[in-house]
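2 protein chains.
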Amino acid sequence: MIAPGFTGGMLDRADPLRQDPEALAAAMGDWRARLLVLDNFEPELDGEGRLVWTTLADAPEGSDLLLLGLDNGKPCFAALTPGMQPPEGRPMRMFGLLDRFAPGEAATYAGARSLLDWHTRHRFCANCGAGSEINRAGWGRKCPRCHAEHFPRVEPVVIMIAEHDGRALLGRQPAWPPGRYSALAGFLELGESIEEAVAREIKEEAGVEVTDVRYIASQPWPFPSSLMIACIGMAKDDTLTIDKHELEDAIWVSREEVRAVLRGEPGQFLPPPPYAIAFTLLTEWANSQVG
Amino acid sequence: MIAPGFTGGMLDRADPLRQDPEALAAAMGDWRARLLVLDNFEPELDGEGRLVWTTLADAPEGSDLLLLGLDNGKPCFAALTPGMQPPEGRPMRMFGLLDRFAPGEAATYAGARSLLDWHTRHRFCANCGAGSEINRAGWGRKCPRCHAEHFPRVEPVVIMIAEHDGRALLGRQPAWPPGRYSALAGFLELGESIEEAVAREIKEEAGVEVTDVRYIASQPWPFPSSLMIACIGMAKDDTLTIDKHELEDAIWVSREEVRAVLRGEPGQFLPPPPYAIAFTLLTEWANSQVG
Numbered sequence: 441m442i443a444p445g446f447t448g449g450m451l452d453r454a455d456p457l458r459q460d461p462e463a464l465a466a467a468m469g470d471w472r473a474r475l476l477v478l479d480n481f482e483p484e485l486d487g488e489g490r491l492v493w494t495t496l497a498d499a500p501e502g503s504d505l506l507l508l509g510l511d512n513g514k515p516c517f518a519a520l521t522p523g524m525q526p527p528e529g530r531p532m533r534m535f536g537l538l539d540r541f542a543p544g545e546a547a548t549y550a551g552a553r554s555l556l557d558w559h560t561r562h563r564f565c566a567n568c569g570a571g572s573e574i575n576r577a578g579w580g581r582k583c584p585r586c587h588a589e590h591f592p593r594v595e596p597v598v599i600m601i602a603e604h605d606g607r608a609l610l611g612r613q614p615a616w617p618p619g620r621y622s623a624l625a626g627f628l629e630l631g632e633s634i635e636e637a638v639a640r641e642i643k644e645e646a647g648v649e650v651t652d653v654r655y656i657a658s659q660p661w662p663f664p665s666s667l668m669i670a671c672i673g674m675a676k677d678d679t680l681t682i683d684k685h686e687l688e689d690a691i692w693v694s695r696e697e698v699r700a701v702l703r704g705e706p707g708q709f710l711p712p713p714p715y716a717i718a719f720t721l722l723t724e725w726a727n728s729q730v731g
Numbered sequence: 441m442i443a444p445g446f447t448g449g450m451l452d453r454a455d456p457l458r459q460d461p462e463a464l465a466a467a468m469g470d471w472r473a474r475l476l477v478l479d480n481f482e483p484e485l486d487g488e489g490r491l492v493w494t495t496l497a498d499a500p501e502g503s504d505l506l507l508l509g510l511d512n513g514k515p516c517f518a519a520l521t522p523g524m525q526p527p528e529g530r531p532m533r534m535f536g537l538l539d540r541f542a543p544g545e546a547a548t549y550a551g552a553r554s555l556l557d558w559h560t561r562h563r564f565c566a567n568c569g570a571g572s573e574i575n576r577a578g579w580g581r582k583c584p585r586c587h588a589e590h591f592p593r594v595e596p597v598v599i600m601i602a603e604h605d606g607r608a609l610l611g612r613q614p615a616w617p618p619g620r621y622s623a624l625a626g627f628l629e630l631g632e633s634i635e636e637a638v639a640r641e642i643k644e645e646a647g648v649e650v651t652d653v654r655y656i657a658s659q660p661w662p663f664p665s666s667l668m669i670a671c672i673g674m675a676k677d678d679t680l681t682i683d684k685h686e687l688e689d690a691i692w693v694s695r696e697e698v699r700a701v702l703r704g705e706p707g708q709f710l711p712p713p714p715y716a717i718a719f720t721l722l723t724e725w726a727n728s729q730v731g
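Chains as they are written, first to last, in my numbering: chain S, 441 to 731; chain D, 441 to 731.
No wet-lab data here; the hints were simulated from the structure.
Some clues are possibly wrong.
One copy or any two copies: either way a pair holds, since identical chains are not told apart in the list.
[Said to hold, decoys possible] BS3-like, lysine-lysine: derived pairs with alpha carbons at most 27 Å apart:
#	residue 1	residue 2
1	K684	K582
2	K514	K643
3	K643	K684
4	K676	K582
5	K676	K643
For reference, chain S alone in the conformation it holds in the complex (with noise of 0.2 Å):
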């Protein structure tokens, strides 16, 4: 299988370090610490496609660092920044970027983007209501009001096709780029389980019924925190009931067509980028052998 996008890190998430105030501190003073550069939410990348890191001192004044872990023993932090806002909209500059990543890169990226975020959205306590506190080096924050502990939040989504008589099911959603249609999409939802939450989706956005749900493949998906969860589905019958609210239009496409479609090749629609998962599920379903 390709390896999904955002997928291989290399960081070692040095989870005691979080736990352990004092190995932090020697951490944030050791001299082979490095901070990532940003511009807000968005990186730098040099000649080769790695990310650009400074030295902690260019945090700017009342910063915050996280620990985004260590490289081969060097310490690497983010720098939460008083004015940093949450992205909002398709950070389309971004996408940009992502065929740029030199392998792994794109990995330390998402789980920074994501950390960032979820600070910026998350300064109060859900439970009273009192501006909460950074808490084990970034990953967590406590309130000093309640006491209560948060964590980052991070959101499966499921993302699937559903495959009847050699033919798999795509959707297309509006804001997309013309001609791009992909694998359905949503959030899973409290009290189901990946397969139950596969099997609602496809039922609500296209009126169609999937049994033997497969698990193929997952990727950290920062915009901002979801983990995308790709699956398969065998429809008991071809016919589309759209939902209109969800997605523009949805088809049955060939193995053969995606995978001329996926070779670059001109057909009736545009694959989703490389770097998304659904690249990977509908590789691997157009190499499956017909089931």
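Based on the hints, put chain D in the right spot on chain S.
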């Protein structure tokens, strides 16, 4: 595969109803509407292991009604009551009930319990600190001041065994009943895939490196709101370095021994309970071909 505990829910989640205040009001006025009977967070079961329901009129004064879904068209609600307190500690009485649930009933209860728990811990806007209000028929909260929307939190947890030379790695947490050993587990973090989280957790807790992680099954776990993702990874060797902050002990057990223990025969450990996905995972592993 045995269906994991808390799966198999029969309610239609009725997403369109959540977004349509008029339709929701009509559902609340429907004479077939019913309210889940709860004593704070504990359910009541009838002699057949079915949840007990009552009429909406029995909701305590000042309650908010959360839409659980439709049961063959009948609107089903749970009441978020003014004095409701989030449960603390291990719900031992609850665990005692789990074997008694009729098929599908534990899933309905799991969704309701997690949703109520989330509301009790998230009465304030994490973005600005103002008191937030129930939204989307209970499947969200909205801030009247900054207009941020908040959605119920689902926390992905990886739960896994490492396999080496036909044996499985099991661990023991100090809080568990005497003699119990089960799969290792931990929260998936921002910026990692399921496979990466599995490898990290086994390395952190037991010092064992795994590759070739494969997905087995998932379940919702409503204490308070986890998505359990069960996997198996292939260990490079069997030398253990146990993190005593996480595990009291860890052992390698053969397929034969796991099979015997799951059949209820005496062995060197007691297995996890049947409603836990670790039970599903161990059963799958024990019955699989030697790989």
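Quick rundown of the hints versus the structure:
For the identical chains of this complex, K684 and K582 are inter-copy neighbours only, at 25 Å across copies versus 42 Å inside a copy, given an alpha-carbon limit of 27 Å. Proximity of K514 to K643 under the C-alpha cut-off of 27 Å is restricted to the inter-copy arrangement: shortest distance 20 Å between copies versus 48 Å within a copy. Taking the closest pair of Cα atoms, K643 and K684 come within 27 Å of each other only inside a single copy of the chain (13 Å); across copies the shortest separation is 46 Å, beyond that limit. Taking CA atoms no more than 27 Å apart as the test, K676 paired with K582 passes in neither setting, with 49 Å inside one copy and 38 Å between copies.
For a Cα distance limit of 27 Å, the shortest separation of K676 from K643 inside one copy, 11 Å, qualifies, whereas the shortest one across copies, 42 Å, does not.
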